[in-house]
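Chemist: Listed below are the residues making up each chain.
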Amino acid sequence: MVFLGGQVLPGNVGRAILGPFADQRAVDALNHSLGVDRPLLTQYGSWIWNFIQGDMGTSYIFRSPVAPFVIDALGNSMKLAAVAFVLVVPIGILGGVIAALNLNRPLDRIISLGGLSVTVLPEFVTGIILILIFGVWLRWLPISAAWPRDAGFFTQLYYLILPSLPLFLVLFGYIARMARSGMIEALDSDYTRTAVLKGLPWRTVIWRHVLRNALLPTITVIATQTGYLIGGLVVIETLFRYQGIGSLIFTAARGKDFPVLEAGILTIGIVYAVATLAADFLYSVLNPRIRLGTDQ
Amino acid sequence: MTEPAKPANALELHDLSVAYRVGGRNRAVLRNLSLGIGQGEAYGLVGESGCGKSTVALTVVRYLPRNGSITGGAISLDGQDVMKLDAEALRRARAESVSMVYQDPGKALNPSLRIGRQLTEIFELGGVSGQAASDKAIAMLNRVRISDPASVMQRYPHQLSGGMQQRVAIAMALANDPTMLILDEPTTGLDATVEAEVLDLIAQLRQELSASILFISHNLAVVSNMCDRVGVLYAGMLVEEGPTDVVFNDPRHPYTVALLRCLPRGGQRKDHGRLDTIPGFLPGIGAAIRGCAFADRCALATDRCRTELPPLYDLGGRLSRCHYHEQAQSLPRATPSDAAASTPKAAAESVLRVEGLNKTYASHGHALRAVKDVSVSLRPGETLGLVGESGSGKTTIARLLLGLVPPDEGGRIELEGKPLAARLDNRTADQIKAMQIVFQNPDSALNRSHSIRHLISRALKRLAGLSGAALQARLDELVRSVRLTDRHLAVKPRQLSGGLKQRVAIARAFAGEPRIVVCDEPTSALDVSVQAAILNLLADLQSKEHVSYIFISHDLAVVRYLSDQIAVLYLGRIMELGPSENVFAGPHHPYTEALLSAVPKLDQTETSRIRLDGEIPSATNPPSGCVFHTRCPRKLGAICEEQEPSLAEAEPGHTIRCHIPYAELARLQKQKAVQTEPA
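Just so you know, the protein sequences line up as chains A and U, in that order.
Note that this note's numbering gives residue 148 to position 148 of the first sequence, counting from 1, and the numbers run on in steps of one.
This note's numbering runs 296 ahead of the 1-based position in the second sequence.
Please note that a few of the clues may not be correct.
Unchecked claim - Anything over 12 Å on all C-beta distances counts as not near chain A; from chain U, calculated:
1. Ser345
2. Arg600
3. Ser646
4. Glu712
5. Arg719
6. Leu759
7. Gly933
8. Ile935
9. Ser942
Said to hold, decoys possible - Estimated spans, in silico, between C-beta atoms of each pair:
10. U/Thr656 / A/Val285: 25 to 35 Å
11. U/Leu700 / A/Arg289: 19 to 29 Å
12. A/Val86 / U/Arg744: 42 to 52 Å
13. U/Thr484 / A/Arg289: 21 to 31 Å
14. U/Ser671 / A/Ile270: 51 to 61 Å
15. U/Ser686 / A/Asn50: 56 to 66 Å
16. A/Leu132 / U/Arg362: 40 to 50 Å
17. A/Arg289 / U/Ala765: 50 to 60 Å
Unchecked claim - Facing chain U, according to a computed beta carbon distance under 10 Å, are these residues of chain A, among others:
18. Leu103
19. Leu197
20. Thr204
21. Asn287
I should point out that these hints are in silico values taken from the structure, not numbers from a laboratory.
All residues carry an ideal CB built from backbone N, CA and C; glycine is no exception.
Using the sequences plus the hints, can you model the full thing?
Modeler: Here it is, written out as C-alpha cells:
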C-alpha cells in the first residue's frame with residue numbers, strides 16, 4: 001500500500017534529490033542507478049524479497065543502507081513508549097478501578113471527566129502546554145528529548161519524562177475508562193454477588209473475584225495502544241526533536257526517501273501485529289474459557 | 297421440627313417495605329410485607345415477574361441494587377435483626393447463616409476460578425484451609441451427587457453443563473450449613489429432565505439438612521412439589537398464603553384463581569376451548585394503590601375493593617387479602633372458553649412434506665449430526681409440536697425449513713406439493729412469504745428504533761406487496777386480529793410489555809398471509825397470564841386463517857395445548873412421532889416417558905419419577921446403536937448398543953424408534969402406572 005502510494009504521488013525521485021536545476025540526463029542516470037525506472041512490479045518484488053532477508057534497501061538521500069536508521073529509530077521510539085507505558089498502564093488501571101469503586105461519587109466524576117478531557121486534547125496541544133509549564137516556566141525538565149551523548153540510563157529517563165507525559169494524558173483517559181467499565185460490569189455480575197453472599201471479606205471479593213475478570217478486556221485495549229505508542233508518535237517526536245521512528249518517517253516522506261519511508265512503515269506494521277498477537281496470547285492465557293475451550 | 301433453643305421462625309419479615317429510586321423518586325416495590333418461615337420449613341413465594349419476588353430475596357441478604365432501599369419494617373434472620381447489622385456482622389451472617397442460589401448458574405460462578413477454589417474459599421472463612429478444605433469441598437460435591445468430584449474441582453465453570461453448574465452452586469450454598477437457604481428460580485432455564493434432577497436433589501437434601509428454605513419461582517407446579525407453605529405475591533403485597541396443597545386446590549384470592557386458570561392443565565387442548573387470561577397489567581412499581589391492588593383486573597371487584605385496602609383475612613391457617621374471599625372461585629372467566637378450534641381436514645393435501653432431512657455441521661474436524669433423517673408432514677391448519685431437551689435439534693430443524701441454513705444433500709422439502717429450494721436465496725417470493733417465524737425473544741427480534749406501525753407496515757409492504765390505502769386497511773385488520781390497538785402503533789417496542797411485543801412479532805409473521813408459521817419457544821420468556829393470551833391468539837389465528845404451525849417448546853403442557861402432532865427429538869433424531877394425544881397418552885418411547893415424568897405437576901399425585909442418568913451425549917460422538925441407550929431406563933441389552941432401531945409404526949400414524957415392541961412398551965408402562973397427564 002505504502003509502496004504504491006509512494007509511486008503514485010507526483011514528483012520524480014531523481015529530481016527531488018538533485019534539485020530543480022539539475023540536468024535531465026543526470027536525473028535519469030540517478031533514477032537508473034536507484035532502480036526507480038524499472039517496472040513497478042519488479043521494484044515491488046525485489047523490495048519485498050530483500051526486506052524479508054533483512055535488507056531494507058538503500059536510502060535515496062543518505063546513500064547508505066536503511067536498516068541501521070530504522071533500527072536506531074525503533075529503539076529510541078521503544079524507549080519513549082516504554083516510559084509512557086510504565087507510567088500510564090498502572091496509573092490508568094488504578095484510576096479506573098478507583099472510579100468504579102466510587103461509582104457516581106465525586107472521585108469517580110473527577111477521574112472520568114478529567115481523563116476524558118485530557119484524552120480528547122491532541123498531543124501537540126498538551127505537549128506544548130507541558131513544555132511551557134515544566135520546561136520554560138518551572139524549568140524542571142529539559143524541553144528536548146535529545147539527551148547528550150553517552151547519557152546513562154537515568155539521564156535518558158530524565159529526558160524522556162516530558163515527552164512521555166502527553167502520551168500518558170492521551171492514553172490515561174482511555175485505559176481508565178476501559179478499566180472502569182470492566183470493573184462496573186464485574187461488580188454487577190452474578191459471580192460477584194455469589195462471592196459477597198459467601199461472606200467473603202470485601203478485599204477478597206475485589207482481589208480474587210472482581211479484578212481478574214474486570215481487567216481482561218482492558219488488556220486487549222492496552223495492547224492495541226502499544227502499536228500507537230510506537231508508531232503514532234510523529235507529532236510528539238517532532239515536537240521534542242526526538243529521533244524516533246515517527247520523525248524518521250516524517251523526514252523521509254518530506255524528502256521522498258521511499259526506501260526509508262517504506263521500511264519505517266512496514267516496521268510499524270510489524271510492531272502493531274506483534275503487539276496485537278501478544279495481547280491475544282496474554283488474553284487467552286488469562287481467560288480459561290479460551291485457553292481450555294469447551295469440553296464438548 | 298422446631299428445636300427449642302432456636303427462635304420460632306428462621307426468617308421473619310415484618311411490615312417490610314422496599315423502594316427503588318427511579319427517575320429521582322422512590323417507587324415502592326414491596327409494600328408492608330410480613331411473612332414468617334419456620335425452622336426447617338420450605339416456603340414458596342410465587343407471582344408473576346415484576347411482583348417483587350426477587351426483591352424479597354435480595355432484601356433478606358441485604359444485597360439490593362444501588363438504587364434500592366428498605367423504607368420500613370424489619371427482617372429477623374434466626375432471631376437477628378438484619379437491618380441493624382454493621383458491615384462486619386452482615387458479612388458474618390452471610391458466611392454463617394444464610395445462603396442463596398439463583399437462576400443461571402453459569403453466571404453465578406466465577407468464570408476464571410476453578411470450582412475447587414470457589415468451594416475451598418468458603419471453608420477458609422471458617423478457618424479450615426489446605427488439604428482439609430479440599431477434603432471438605434470434595435465431600436460437599438459428593439453430597440450434591442456429583443460423581444468424580446476430584447476432577448470437577450479442577451475444572452472451570454464453563455466446562456460443566458448447566459445442571460452440574462447448578463449442583464456446584466447448591467454445594468457452595470450448603471457449604472456453610474446455613475439455617476436459611478434462599479432459592480431464587482433455581483431451575484428456570486434448565487431442561488425439563490435437568491430441572492427434575494435438581495429438584496430431586498433439593499428435596500433429598502431437605503431430608504438431610506435442617507435448613508429452612510425460601511423457594512422463589514414463577515412456576516406454580518415446581519413450588520407445589522417443593523414447598524410446605526406458599527405465599528402469592530402481587531404488586532409487592534402478599535395476597536394469599538397457606539399450606540401449598542390448600543392454596544393451589546382451593547384458592548381464596550381471585551388472583552390465585554386466575555393464575556391457576558391460565559395454565560393449560562390436565563391435557564387441555566385447543567379444541568377443548570381457550571385458556572383463561574388475566575386482563576390488564578400488573579401495576580407498575582411505585583404505582584399508587586388505594587384499594588385492592590388486583591381490583592382493576594378483577595371481575596368481582598366492587599367499589600369497596602377500589603377504595604378500601606383489604607386486610608389479610610385470617611381463614612384459619614391461611615390468609616387471603618380479599619374482601620370477598622369466599623366468592624373468589626366464582627371469578628368469571630376473562631376469556632370465553634368457547635372458541636371454535638380448527639380441525640384439520642382429514643383429506644387435505646399436506647402443506648409441508650419433509651423427507652430425509654439431514655444436517656451435518658463440521659465441528660473441530662468432527663462431523664456433528666445436528667439433524668438426522670427427519671421426515672414429517674403437516675396438513676393445513678395443523679400444528680406440529682417439536683419437543684426435546686436442548687441440543688436435540690429442534691431449532692436446527694426450524695432453521696432448515698426456513699432456509700436459513702442449507703441441509704445436507706439428498707433430503708426433500710416440499711411446500712404445497714412443490715419442491716422447496718434449500719437456500720432462502722433460491723426460493724420465490726411466494727415461498728418466502730408462505731413460511732414465517734416467531735422467535736422466543738421479541739426484544740431482539742424487533743428493531744428498537746422503529747415504531748410498531750413502521751415495523752408492521754414494512755412487513756406488509758415487503759411480504760404482501762401492499763401500499764397506500766390497501767396497506768392501511770390490512771394493517772388495521774392485522775392489528776385488530778392480534779388484539780393490539782391504535783394506541784400501540786405509535787410507540788416503539790421498548791414501551792411495550794413482553795406480551796405485547798410478542799403480539800407485534802406475530803402480526804409481522806402473519807403479514808404475508810403465511811401457510812406455515814414456525815414458533816420457536818414463543819412463550820418461554822412470558823408470564824403465565826401472558827402466555828395464556830398468546831396461546832389463545834395463536835389458536836384463534838389458526839382457526840381463522842387455517843395456517844399451520846411448527847411449534848417448538850420445552851413446556852410440554854404448552855405443546856400439548858396447541859399441537860395436533862408431536863415429534864419427540866433426541867440428538868437430532870425423531871424418537872417418536874404421532875398424533876399429540878397418542879404421544880401423551882402412551883404407550884410411548886422410553887425417552888418420551890422420561891420427559892413427561894420430569895414435568896413437575898400441580899397436583900402432587902406422582903411420587904416416583906423416572907430419572908435420566910447422565911447428560912445428553914455429544915452430537916459429535918453419538919452413542920452407537922440406539923442413541924438413547926446410554927440413558928435409557930428400559931434398555932434391553934446388547935441390541936440397543938449395536939443396532940439403531942428404525943421408526944416403526946406402533947399404531948396408524950404413530951411411530952416409535954425403539955427395539956422394545958409396542959405391546960411390550962404398553963405392558964411395561966401400564967405396570968409402572970406412570971401417570972402421564974401433565975399438569
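Chemist: Does the beta carbon distance between U/Ser671 and A/Ile270 stay inside 51 to 61 Å, or does it fall outside?
Modeler: Once the Cβ atoms are compared, 56 Å apart, the range 51 to 61 Å for A/Ile270 and U/Ser671 holds.
Chemist: Grab the minimum beta-carbon distance between U/Glu712 and chain A and tell me whether it stays above 12 Å.
Modeler: holds, 39 Å
Chemist: Run the C-beta distances from U/Ser942 to all of chain A and say if the shortest one exceeds 12 Å.
Modeler: holds, 28 Å
Chemist: Checking the smallest CB distance to chain A, is U/Ser345 really beyond 12 Å?
Modeler: holds, 18 Å
Chemist: Tell me if the beta carbons of A/Arg289 and U/Ala765 are separated by a distance inside 50 to 60 Å.
Modeler: Between A/Arg289 and U/Ala765, where Cβ atoms are some 55 Å apart, the hint holds.
Chemist: With d taken as the least Cβ-Cβ distance between U/Leu759 and chain A, does d exceed 12 Å?
Modeler: holds, 38 Å
Chemist: When you take the CB atoms of A/Val86 and U/Arg744, is the distance between them in 42 to 52 Å?
Modeler: 44 Å Cβ-Cβ, so the 42 to 52 Å window holds.
Chemist: In this structure, is the beta-carbon distance linking U/Ser686 and A/Asn50 contained in 56 to 66 Å?
Modeler: holds, 57 Å
Chemist: Verify the interface restraint on A/Leu103: the C-beta must sit less than 10 Å from at least one C-beta of chain U.
Modeler: Check passed: Cβ of A/Leu103 comes within 8 Å of chain U, closer than 10 Å.
Chemist: For the range 19 to 29 Å, tell me whether the beta carbons of U/Leu700 and A/Arg289 fit it or not.
Modeler: At roughly 27 Å between Cβ atoms, A/Arg289 and U/Leu700 fall inside 19 to 29 Å, so the hint holds.
Chemist: At 12 Å, judged by beta carbons, does U/Ser646 keep clear of chain A as stated?
Modeler: holds, 36 Å
Chemist: Please test the hint of 21 to 31 Å on the beta carbon pair from U/Thr484 and A/Arg289.
Modeler: holds, 23 Å
Violated hints for the displayed structure: none, as all numbered hints are satisfied.
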